[in-house]
Structure formats: C-alpha cells, structure tokens
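*Asks:* Read off the chains here:
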Amino acid sequence: MTLNDFRTLKEMIEAKNIIFCYNGYLSQEIIVAISSMIKGKLSADETKMGISQKVLYMFVEQAQNITRYSPDQIQNPEQASMSYGSVAIGTEGDKFYIMCSNRIEKTKVAALSEKLEAIAAMNQEELKALYKEKMRSEPDEGSKGASIGFIEMARKSSEPIEFDFIENDEIFDCFTLKVVI
Amino acid sequence: MTTIQATVTTPKIVLDTRNNVFSFEGESYPEDVNAFFDPIMNPLKTHLKNQQDSNIQFDFFLTYFNSASTKVFFNLFSTLDEISEFNSVTVNWKHHEEDDTAEEFGQDFKEDVNNVSFNFIAI
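These protein sequence lines are chains A and B, in that order. Quick note on my numbering: the first sequence kicks off at 1 and runs consecutively. Quick note on my numbering: the second sequence kicks off at 1 and runs consecutively.
Do not take every clue at face value.
Heads up, simulated BS3-like pairs for lysine-lysine below, C-alpha to C-alpha not over 25 Å straight-line [what the hints assert, rightly or not]:
1) A/Lys-132 - A/Lys-156
2) B/Lys-49 - A/Lys-39
3) A/Lys-48 - A/Lys-156
4) B/Lys-49 - A/Lys-132
5) B/Lys-49 - A/Lys-48
6) B/Lys-110 - A/Lys-156
7) A/Lys-178 - A/Lys-106
8) B/Lys-110 - A/Lys-128
9) A/Lys-106 - A/Lys-128
10) A/Lys-41 - A/Lys-132
11) A/Lys-132 - B/Lys-45
12) A/Lys-156 - B/Lys-49
13) B/Lys-94 - A/Lys-132
14) B/Lys-94 - A/Lys-128
No lab work stands behind these hints: they were computed from the structure.
If we strip away everything but chain A, and leave its shape as in the complex, we get (with noise of 0.2 Å):
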C-alpha cells in the first residue's frame, strides 16, 4: 500500500461519514475500549442519550456477535481470545447506522438468513411478540448468547435491518449487516 492508497481508504472512510470503523481482531477488552470512545464522541456531540444509548447497544451486539460466531478467531492462553471481523457507525442525514461484517460457515447460513429474512419482515408488533417468546424459550441450539440480539437491534431500528451473504470461499460466506437508528 502507498500513501496515497492509505489517503484513498481515508478519504472513502471519510466521505461515508464514519465516526469509527475496525477491521481486525475484537476482544471483549477491545469492545470495552471502544464503547468508552462511542460515549465520549455521542456525548460530546450532544447526541440525545435516548439515541447514543441506543448506538452503543447496536455496537455492542454487533462485536460481541463477532466475538461469539466469527470463525476466524486466534486462542491464547495467555490472553482472551480474539476474533476477526469488521465494524464501522457512521451517519447518513440525521440518522445513524452502525455495520458489522465477519465470515461464516457456509453450513450455517441458511438457518441464519431465514431468521433474519424473517425478523427484517416483521413490524414492531411482531418483533415484540417474538421478543418475548424467546425471552421464555431456552436458546436456539448454537448460540452462546440468548437468540434475542437481533430481535432487539430490529426491534431499535427506524428501518428494516439489512443483510447479505456473499460468497466467499468453499466452506465460508461473508456475512455482513446493517442497522439504522
């Protein structure tokens, strides 16, 4: 990469009006660095807390989703584990939007895409609804976390979630999402 290809990445970042983009290996310690960052720029920003909350929550379901689900991940154990993916907030208008991008075993996908085509589909009532099902439910098989994340995050949205997996060798697919608040 020449300087001028690194200004290149900077400017495209920039003229995207991104407040914060990674792309790299996440940890939980990394995370919590990072949502320190989002609160101090939203806050000095004057961001309404109902919003800055509410960007935060979106940041961190997205990079502890990464954490949890990203393949690609390095074990120490002399250190957290950490897991490769890509997460980037910025602005669009008066909106915000908040994206994450990691790998995915090709095996995984389908169950993964009818969840989310589902949710994407749903109004505020049926997300609330399907929200508090699974809240009484025990998780979906393979989720380390409670299955309500993206319900959530669906449910905080001003527009229908956006998604996509794209081809990206044999065994895995990228997949990539975005939420507007």
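Chain B: place on chain A using the hints.
*Replies:* Just chain B now, with coordinates in the frame of chain A:
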C-alpha cells in the same frame, strides 16, 4: 449483606437478604453472562422462593445492558411474579430522564408481571 462491586461490564449488586432489599446498578455486558450471573441469581432465586408474607424490594438502575443480560433479568422477574402471590414485591426501575431505551426495557419487564408493584423513577 452481600455487595458485589461494579466493573466496567458488570453492575454493582447489593443483596440484603435480611431486609429483602436488593439492587442492581450500572452497566451489564459481560462476555459470558451466565458465568457472571448464575452464581448470583441461583442462590437469590432460592432465597426468594423461601419467602412468605415478606416485603421485598428491588431497585434497578441499569444504564446499559446487552441482550443476554436482558434474559437474565427477565428470568428474575418471572421469579418475582411467582413469589408475589405470597409476598409484597416492589420494583423501583430507575432510569436517566432522557434514556428512553432503559425506560422501554423496564416497560417490557413490567408487562410480564401481574402482582409486582412497579415504580418508574426518572433521574
């Protein structure tokens, strides 16, 4: 009385089992929610289920929590709803005045309990 100090990702928790006053205050987004909460919630639920004709008070002032933590609190509220048949249970749900996200979480919890007295306190 048991006090668990807050960390950056876990709330301060005070469990006063003698007076039946309990509080959770701060942020909650630990990496492994069950590893943190199970050792606290399991004995707490056992204690609560052994109460009869008691006044039980829970104070919550949670400024931020992740989806997995929501489920932990939802389960606690189920227990509170169960024991409210034999006890007087009060929940004080505190939130920053402008923090409608925290307030909405409280409203979601309130909808699922029948005999628990719920107070919303804007700070």
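*Asks:* Does each hint hold? Answer for all of them.
*Replies:* Hints versus structure:
Using a Cα cut-off of 25 Å, the hinted pair A/Lys-132 and A/Lys-156 holds, with the two alpha carbons roughly 15 Å apart. Pair hint B/Lys-49 plus A/Lys-39 does not hold up; C-alpha atoms about 39 Å apart against a cutoff of 25 Å. For a cut-off of 25 Å, the pair hint linking A/Lys-48 to A/Lys-156 stands: about 15 Å separates their Cα positions. This hinted pair checks out: B/Lys-49 and A/Lys-132 have alpha carbons roughly 23 Å apart, not beyond 25 Å.
A distance of roughly 41 Å separates the Cα atoms of B/Lys-49 and A/Lys-48; the hinted pair therefore is violated under the 25 Å criterion. A C-alpha spacing of about 19 Å is found between B/Lys-110 and A/Lys-156, which places the hinted pair at or below 25 Å, so the restraint holds. A C-alpha spacing of about 20 Å is found between A/Lys-178 and A/Lys-106, which places the hinted pair at or below 25 Å, so the restraint holds. Of the pairs offered as hints, the one joining B/Lys-110 and A/Lys-128 holds, with about 14 Å between alpha carbons and a cut-off of 25 Å not exceeded.
For a cut-off of 25 Å, the pair hint linking A/Lys-106 to A/Lys-128 is broken: about 30 Å separates their Cα positions. Taking the CA atoms of A/Lys-41 and A/Lys-132, the gap is near 33 Å; set against the 25 Å cutoff, the hint is violated. A C-alpha spacing of about 21 Å is found between A/Lys-132 and B/Lys-45, which places the hinted pair at or below 25 Å, so the restraint holds. Taken as a hint, the A/Lys-156 and B/Lys-49 pair is broken in the structure, with Cα atoms around 34 Å apart against an allowance of 25 Å.
Between B/Lys-94 and A/Lys-132, the direct Cα distance comes to roughly 22 Å. Compliance with the 25 Å bound is thereby established for this hinted pair. Distance check on the hinted pair: B/Lys-94 and A/Lys-128 sit about 22 Å apart at the alpha-carbon level, within 25 Å; holds.
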